[in-house]
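Protein chains in written order, with this note's numbering: chain A, 1 to 246; chain B, 1 to 222.
Simulated from the structure, these hints should not be mistaken for laboratory data.
Since the model is a prediction, treat every value here as computed from it, not as a measurement.
Be aware that a few hints might be false.
Have a look at the derived ranges for each label pair, beta carbon to beta carbon [unchecked claim]:
1. B/Phe200 x A/Val130: 38 to 48 Å
2. A/Glu151 x B/Arg46: 54 to 64 Å
3. B/Asn126 x A/Gly227: 51 to 61 Å
4. A/Ala157 x B/Ser33: 48 to 58 Å
5. A/Ala150 x B/Gly31: 43 to 53 Å
6. A/Ile124 x B/Val93: 25 to 35 Å
7. B/Met61 x A/Arg89: 49 to 59 Å
8. A/Lys242 x B/Asn80: 29 to 39 Å
9. B/Pro84 x A/Lys4: 21 to 31 Å
10. B/Arg100 x A/Val130: 34 to 44 Å
11. B/Thr187 x A/Lys242: 10 to 20 Å
Glycine is no exception: its CB is placed at the ideal position from the N, C-alpha and C atoms.
Below, each chain spelled out in residue letters.
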Amino acid sequence: MDLKLYVWRQKGPDSPGKLEQFTAKNISPDMSFLEMLDEVNEELVKEGKETIAFDHDCREGICGTCSQVINGIPHGGQDKTTVCQLHMRKFKDGDSIYIEPWRAKAFPLVKDLIVDRSALDRIIQAGGYVSNHTGGSPDGNAILIPKPDAEVSMDAAECIGCGGCVAACPNGSAMLFTAAKVTQLAMLPQGKVEAAQRVCVMTEQMLKEGFGNCSNHYECQDACPKGIKVSFIAKLNREFIKASVK
Amino acid sequence: MGFLSSTVGRKILMAITGFLLLTFLCIHLLGNSFIYLGWINAYGERLHSMPPVVWAARIGMVILLAVHIFFGIKLTLENNAARPQAYAVKKNVRATFAGRTMIWTGLLIAAFLIYHLLHFTLRMTNPEISSGIDAMGRLDVFKMIVLSFKNILISGAYIAALIAVGLHIFHGIQSVVQTIGLNSDKTLPCVESTGRGIAFILFLGYASIPLVIIFGLLNFKG
Ligand code: HEM
Ligand code: FES
Numbered sequence: 001m002d003l004k005l006y007v008w009r010q011k012g013p014d015s016p017g018k019l020e021q022f023t024a025k026n027i028s029p030d031m032s033f034l035e036m037l038d039e040v041n042e043e044l045v046k047e048g049k050e051t052i053a054f055d056h057d058c059r060e061g062i063c064g065t066c067s068q069v070i071n072g073i074p075h076g077g078q079d080k081t082t083v084c085q086l087h088m089r090k091f092k093d094g095d096s097i098y099i100e101p102w103r104a105k106a107f108p109l110v111k112d113l114i115v116d117r118s119a120l121d122r123i124i125q126a127g128g129y130v131s132n133h134t135g136g137s138p139d140g141n142a143i144l145i146p147k148p149d150a151e152v153s154m155d156a157a158e159c160i161g162c163g164g165c166v167a168a169c170p171n172g173s174a175m176l177f178t179a180a181k182v183t184q185l186a187m188l189p190q191g192k193v194e195a196a197q198r199v200c201v202m203t204e205q206m207l208k209e210g211f212g213n214c215s216n217h218y219e220c221q222d223a224c225p226k227g228i229k230v231s232f233i234a235k236l237n238r239e240f241i242k243a244s245v246k
Numbered sequence: 001m002g003f004l005s006s007t008v009g010r011k012i013l014m015a016i017t018g019f020l021l022l023t024f025l026c027i028h029l030l031g032n033s034f035i036y037l038g039w040i041n042a043y044g045e046r047l048h049s050m051p052p053v054v055w056a057a058r059i060g061m062v063i064l065l066a067v068h069i070f071f072g073i074k075l076t077l078e079n080n081a082a083r084p085q086a087y088a089v090k091k092n093v094r095a096t097f098a099g100r101t102m103i104w105t106g107l108l109i110a111a112f113l114i115y116h117l118l119h120f121t122l123r124m125t126n127p128e129i130s131s132g133i134d135a136m137g138r139l140d141v142f143k144m145i146v147l148s149f150k151n152i153l154i155s156g157a158y159i160a161a162l163i164a165v166g167l168h169i170f171h172g173i174q175s176v177v178q179t180i181g182l183n184s185d186k187t188l189p190c191v192e193s194t195g196r197g198i199a200f201i202l203f204l205g206y207a208s209i210p211l212v213i214i215f216g217l218l219n220f221k222g
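Isolated chain A (complex conformation) (with noise of 0.2 Å):
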């Protein structure tokens, strides 16, 4: 099938952006969408242009690498799919597709479809870690976690931190992201002891970052391709509470 791109270009951080417009010539319904993506570059290269650059990394779901804004949509849409698991089977012949950088305050551009996202890293470095001795490796069953804790905690542990939860969020909020750490240690003996400092931190690294504020539109979990839920983010403010009035 052929395609009609139009895809956001700029050359650096401070230089102009626009959208310019490409034509994805003979893509196969099997190709992912950065494969297709990897077409055009290719003609690209052919023509002696420059390639359209954008990130990715594990090409299978879990990394968080690739961030693009798919016709107005992180991850362009289909439910709990990362960009590079996203397949052209998807699009039809002749369909216009857009394709725009995660755009947040906190996401400076780097080039074209890239941004920078160390900001979600610093947010962890803030308070997303266990900083008690929790000495060897415990024998199994002598710390008791109730199982269904264990799988609260491990399905905020499914964040990738791809920071689709920030593009997709009319406020460009981290909410959804912060809400998942906090949440995962918050379930874990382990983590309950620096669970109230974890959180006040957090959320103050977030919006130390430029992110912006939670008005619980709940775009983020549409977007989210690991299915993280905005009950984190009730969670979060769980904490919050619990930290304030303790």
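With the hints as your guide, set chain B with the ligands onto chain A.
Then chain B with the ligands, alone, in the frame of chain A:
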């Protein structure tokens, strides 16, 4: 870091003040509904025979509104600043019109509130119908309301403002529950639909009064 500089702390403040304003909306509607029972003049007189209660409520409302408006504007400005460059194409899958226009419906409510106070509380906008005395020597609230709402412009302004209120709480009610951390995956859909239902009921309750008067179902025979 202080509660008031935290992103969550300020949201909780918005939720508490919003919830208390919502409580006021419910009490106010209950008071208004006395118009259907013919008790509105008695209600008005009774209320104003207790100045400490009236003044406590007024001062409380001013504080609630001041906090809610201040942080509402501050949060919105921050949120807008968080995305300096807009998307060329952006689809919202889940976010509602009501949710995305909170600041505009909020500011409309504030503007309406000023008019509403001038109209019914200070009785400055329509003095000719607003200072009647009924047969029992009480301020004729019934006459003031019915003759006001016979005017299609006044009714229109009230109904427009009520749409703004309705939209504001359509998003707001469920938002409070989430902000104070009471949601789980199971409760969220139910909380959302209940919140929307309450918003709709409050809208219908308030809007019924001007509508009933416009359609001549409630008349003042002076
Ligand atoms: C009848 C009066 C009002 C009621 C009942 C009301 C109620 C609410 C409620 C319940 C919320 C949700 C709080 C939360 O997210 O947890 C809210 C949010 C909000 N209100 Fe109001 N409100 C009123 C007046 C106003 C006014 C006058 C403004 C003017 C600026 C305003 C601006 C906002 C904004 C901007 C938000 C969204 C904040 C955010 O989450 O980003 N409200 N309101
Ligand atoms: S490239 Fe790793 S998740 Fe898409």
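Hint by hint, here is what the structure shows:
Restraint check, B/Phe200 to A/Val130: a C-beta distance of roughly 47 Å satisfies the suggested window 38 to 48 Å. The given range of 54 to 64 Å is respected by A/Glu151 and B/Arg46, whose C-beta atoms sit roughly 56 Å from each other. The hinted range of 51 to 61 Å is satisfied by B/Asn126 and A/Gly227, whose Cβ atoms lie roughly 57 Å apart. Taking the beta carbon of each, A/Ala157 and B/Ser33 are about 52 Å apart, inside 48 to 58 Å as hinted.
Checked against the given bound of 43 to 53 Å, the beta carbons of A/Ala150 and B/Gly31, roughly 52 Å apart, stay inside it. At about 27 Å, the beta-carbon gap between A/Ile124 and B/Val93 stays in the expected band of 25 to 35 Å. Judged by the Cβ atoms, the range 49 to 59 Å given for B/Met61 and A/Arg89 holds: they are separated by roughly 58 Å. Separation of A/Lys242 from B/Asn80 is about 31 Å and conforms to the stated range, judged on CB atoms against 29 to 39 Å.
Between B/Pro84 and A/Lys4 the C-beta distance comes to about 28 Å, which sits within the given range of 21 to 31 Å. Separated by about 38 Å at the C-beta atoms, B/Arg100 and A/Val130 satisfy the suggested range of 34 to 44 Å. For the pair B/Thr187 and A/Lys242, the beta carbons lie near 19 Å from each other, so the given range of 10 to 20 Å is met.
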